[in-house]
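**Q** The lines below spell out each chain.
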Amino acid sequence: MISLLRDVREFGKNRAAMMGLIVICILIMIALLAEVISPYDPTKIILEDKLQAPSIEHIMGTDHLGRDVLSRIIYGSRLTFQLSIIVVTITAIVGITVGIVSGYYGGILDEILMRFVDILLAFPSIILALVVIGALGPGINNTILAISFVGWLSYARVSRGSTLSIKEKEFIECARSIGSGDFYIIYKHVYPNVLYPNIVLATLHMGSVILTVAALGFLGLGAQPPTPEWGTMLNEGKEFLRMCPWLSIFPGLMIMITVLAFNFIGDGLRDALDPRMKDVVVK
Amino acid sequence: MLRIKINSIGIWITLVTIMGLVAFSGCIDQEGTDTDKSRVEQKLVIAEPWGISSVDPATAGGTLNNFLLLETLTFMEPDFSLVPGLAESWELIDNTTWRIHLKDNIKFHDNTELTADDVKYSFDRNMEKNPTIRGEMGIKSIKKIDDYTVDIITDKPDAAIPAALSYAQAVIYSKNSVEKDGIIVKPIGTGPFKFEKYNKASDILELSKNENYWNGVPKLDTVIIQGGVGEASTRELAIEKGEVDFTTEPPMGSTERLESNPDLNVIVHPLCQGYKLNFGNLSKAPYDDINVRKAIAYAVDKESIVEHILYERGEISNGMGFVPGIEWRNNDLEGYPYDPQKAKQLLKEAGWEDTDNDGILDKDGKAFKITLYTWPQRPALPPLAETVQSQFKEIGIDAEVRIMDWSAITERLNEWGAIRVSGGATSMRIPDPGYYLERNFHSEGNSNSYGYKNEEVDRLLEEGRSTFDNEKRYDIYRNVQKIVVDDVADVYIAYHNLAVVTKSGVNGYVPNPSAHDYRINPGIYIEE
Numbered sequence: 009m010i011s012l013l014r015d016v017r018e019f020g021k022n023r024a025a026m027m028g029l030i031v032i033c034i035l036i037m038i039a040l041l042a043e044v045i046s047p048y049d050p051t052k053i054i055l056e057d058k059l060q061a062p063s064i065e066h067i068m069g070t071d072h073l074g075r076d077v078l079s080r081i082i083y084g085s086r087l088t089f090q091l092s093i094i095v096v097t098i099t100a101i102v103g104i105t106v107g108i109v110s111g112y113y114g115g116i117l118d119e120i121l122m123r124f125v126d127i128l129l130a131f132p133s134i135i136l137a138l139v140v141i142g143a144l145g146p147g148i149n150n151t152i153l154a155i156s157f158v159g160w161l162s163y164a165r166v167s168r169g170s171t172l173s174i175k176e177k178e179f180i181e182c183a184r185s186i187g188s189g190d191f192y193i194i195y196k197h198v199y200p201n202v203l204y205p206n207i208v209l210a211t212l213h214m215g216s217v218i219l220t221v222a223a224l225g226f227l228g229l230g231a232q233p234p235t236p237e238w239g240t241m242l243n244e245g246k247e248f249l250r251m252c253p254w255l256s257i258f259p260g261l262m263i264m265i266t267v268l269a270f271n272f273i274g275d276g277l278r279d280a281l282d283p284r285m286k287d288v289v290v291k
Numbered sequence: 097m098l099r100i101k102i103n104s105i106g107i108w109i110t111l112v113t114i115m116g117l118v119a120f121s122g123c124i125d126q127e128g129t130d131t132d133k134s135r136v137e138q139k140l141v142i143a144e145p146w147g148i149s150s151v152d153p154a155t156a157g158g159t160l161n162n163f164l165l166l167e168t169l170t171f172m173e174p175d176f177s178l179v180p181g182l183a184e185s186w187e188l189i190d191n192t193t194w195r196i197h198l199k200d201n202i203k204f205h206d207n208t209e210l211t212a213d214d215v216k217y218s219f220d221r222n223m224e225k226n227p228t229i230r231g232e233m234g235i236k237s238i239k240k241i242d243d244y245t246v247d248i249i250t251d252k253p254d255a256a257i258p259a260a261l262s263y264a265q266a267v268i269y270s271k272n273s274v275e276k277d278g279i280i281v282k283p284i285g286t287g288p289f290k291f292e293k294y295n296k297a298s299d300i301l302e303l304s305k306n307e308n309y310w311n312g313v314p315k316l317d318t319v320i321i322q323g324g325v326g327e328a329s330t331r332e333l334a335i336e337k338g339e340v341d342f343t344t345e346p347p348m349g350s351t352e353r354l355e356s357n358p359d360l361n362v363i364v365h366p367l368c369q370g371y372k373l374n375f376g377n378l379s380k381a382p383y384d385d386i387n388v389r390k391a392i393a394y395a396v397d398k399e400s401i402v403e404h405i406l407y408e409r410g411e412i413s414n415g416m417g418f419v420p421g422i423e424w425r426n427n428d429l430e431g432y433p434y435d436p437q438k439a440k441q442l443l444k445e446a447g448w449e450d451t452d453n454d455g456i457l458d459k460d461g462k463a464f465k466i467t468l469y470t471w472p473q474r475p476a477l478p479p480l481a482e483t484v485q486s487q488f489k490e491i492g493i494d495a496e497v498r499i500m501d502w503s504a505i506t507e508r509l510n511e512w513g514a515i516r517v518s519g520g521a522t523s524m525r526i527p528d529p530g531y532y533l534e535r536n537f538h539s540e541g542n543s544n545s546y547g548y549k550n551e552e553v554d555r556l557l558e559e560g561r562s563t564f565d566n567e568k569r570y571d572i573y574r575n576v577q578k579i580v581v582d583d584v585a586d587v588y589i590a591y592h593n594l595a596v597v598t599k600s601g602v603n604g605y606v607p608n609p610s611a612h613d614y615r616i617n618p619g620i621y622i623e624e
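In order, the protein sequence lines correspond to chains A and B.
Counting in our numbering, the first sequence runs from 9 upward without gaps.
Counting in our numbering, the second sequence runs from 97 upward without gaps.
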């Protein structure tokens, strides 16, 4: 408990991380309250109002189909957070489970699982995601699948490493000597110790998932129209970049701010939780 | 100590020299082009949206024809009239034989004479290497009669042959064309421009003036075509920065901005292409009901699509793919003007009603939820699909838009309620009514993937093919157009107008709406 308080204080001292946390809290509020705060229906097409520059009525202007860009950004933040939280949850659960099982039991199982992870790690993750989407077709659900397919690898790696070092500790041996089962030991002793580095990883992973979702959307493989999604909006705005730059600038800014905020939080968490863990690699 | 100093000075001198050279070479380059401009070099650089990828006439005939390297036996004029090309005249010998008389003064780029042997060689080779050509033209074989006469023998009586001979793929080239491993790498043709070189890696084709062209010497000295500039905004940037002299299809919204640029000319002209909705399967629910099809046709606001999605680079259609001015067009058709009330009424008659008040129509427990498929390469298509989606919503049809590859769409058209939002549907690759109508509306037509079958239409189309009197023929085809539009076999939204952007110094471009998508002409010249 005391150590947790110390960690929180440590985190609070990190200005960038606190900034990041505030930004993310605001964005999450925006996403939750989308219906209340968004001035217009984000999918309502009014062709007569197309390509209007930012004004009092439309703070961020309108897009090529006369939809309000601000409303689309607000609803886009909801989709972005939903997607990235789902992906991070799925990948963390799968990755941590695989990592712990692999590290704890070792032997041939470890060998098979880790070689599989190695093979997948050898590909650039965006390429693998493209392959998965190519096979399944574009869409939100397939985007989740595609990103999750490659996202769990780092969790497995990190969890396995921590498990390996923890399972040699005396308290594990003690537990085993008094007759505790594998499941009990993993749940009570290994899992809590593995969680910390994974929390840092998950925060940094949020940023990279948001970026990948946007990249897939930009390539036209993510959310399908008229769903408001930042990457898709960038793609639609690209056509009008010279005339109506606001179509691309605002979604681009949002992506940048969100990813930056998550990275600041992740860095802060890492420094607060474990000063030695400065070089966790996020795929 | 001293030595080290000298060394570091040496390095500095070398660096400065290199930088100077680099900077200077840029200057020299710049000046070079400037002086070239001042004596008005007759050179046209084109940014072409599609990849060239080959110069073998059997596969790239259309491209080589558009850039005036190779020619066809008959030509299609911009006013849709058919005129003699390499052929002097043609006559019908019997029901399945057309006799073609060649012009006798035509020389290839290598100064050899064009004879019947070359014509036979070209046709045989084209049809062997590219079965599509045989399929489109319906030619069985070619027979040499004498040096300047060939007979074209068809499978069935075919009145469309003279028009089919102007098909951009049916190009004529010399049998001396340089072949490597069965592929022609240096085509020798008869056109106003000669082949210079083609770089496959950079997809750049270079042509030079043919001083001995049989129909007047072209004004340009060189034509350089950069193929595969697929991104509309890339082409726009290239023409604005002056890297190219001629390009087509800048982004839809940019027309006005480019028009206001004094250094550029924007020409928007009709093209025999358009945008339409293709039903996935006409023999299955919900589209087996003609009232549903009609409702969908009435639900699309064509006027606002032309204004806001096509930015006036288009015109509302009469429900058929033929643009005004084509002789065999049925000008009495009105199509289906925007009328959401009528659409709702028709859907109600067809049994579709919103019984559970969720805003979506349903019938026998099935909600009217459909998918609109389209592809991203034509920039107007995705926004067009989204607009149609929102217009469908108004009449209670819940549509989802999916943007994917053309080939992936084909597999999904059998899903319940699938509709393909299509662009580039061309009606004039062969300037004959049979080409477009048979492909799309004959029960065995190549493009009839949606299963449209009307025995009357089949019978009329076959009758049209074998009727040699043009007036009678065109009447038959006008009748077909009426039946097809009444049947709502598809929903033709708008014709597509092509935007050509040139530097203001480029003069003499004459648009040819029958080309696919554009054809340069020998009269183009550069002026300061």
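Think of the hints as simulated: they come from the structure by calculation, not from any bench.
For each residue, glycine too, the CB sits at the ideal point set by N, CA and C.
There could be a bad hint or two in this list.
[As the list claims (entries may be wrong)] Only pairs whose alpha carbons sit at most 25 Å apart, straight line, appear in this in silico DSS-like list of lysine-lysine:
no.: 1; chain 1: B; residue 1: Lys315; chain 2: B; residue 2: Lys568
no.: 2; chain 1: B; residue 1: Lys252; chain 2: B; residue 2: Lys271
no.: 3; chain 1: B; residue 1: Lys199; chain 2: A; residue 2: Lys52
no.: 4; chain 1: A; residue 1: Lys52; chain 2: B; residue 2: Lys438
no.: 5; chain 1: B; residue 1: Lys203; chain 2: B; residue 2: Lys305
no.: 6; chain 1: B; residue 1: Lys199; chain 2: A; residue 2: Lys246
no.: 7; chain 1: B; residue 1: Lys252; chain 2: B; residue 2: Lys444
no.: 8; chain 1: A; residue 1: Lys52; chain 2: B; residue 2: Lys216
no.: 9; chain 1: B; residue 1: Lys440; chain 2: A; residue 2: Lys52
no.: 10; chain 1: B; residue 1: Lys459; chain 2: B; residue 2: Lys444
no.: 11; chain 1: B; residue 1: Lys236; chain 2: B; residue 2: Lys372
no.: 12; chain 1: B; residue 1: Lys599; chain 2: B; residue 2: Lys578
no.: 13; chain 1: B; residue 1: Lys599; chain 2: B; residue 2: Lys372
no.: 14; chain 1: B; residue 1: Lys216; chain 2: B; residue 2: Lys240
no.: 15; chain 1: B; residue 1: Lys282; chain 2: B; residue 2: Lys315
no.: 16; chain 1: B; residue 1: Lys236; chain 2: A; residue 2: Lys52
no.: 17; chain 1: B; residue 1: Lys239; chain 2: B; residue 2: Lys203
no.: 18; chain 1: B; residue 1: Lys236; chain 2: B; residue 2: Lys252
[Unchecked claim] Covered stretches of chain A (chain B as the covering partner; in silico rule of three or more C-beta atoms under 8 Å from a C-beta of chain B):
no.: 19; region: 114-128
no.: 20; region: 139-149
**Q** Run the structure past the numbered hints and jot down the numbers of the failing ones, going up.
**A** When the structure is compared with the hints, numbers 1, 2, 3, 6, 7, 8, 11, 12, 13, 16, 19 turn out to be violated.
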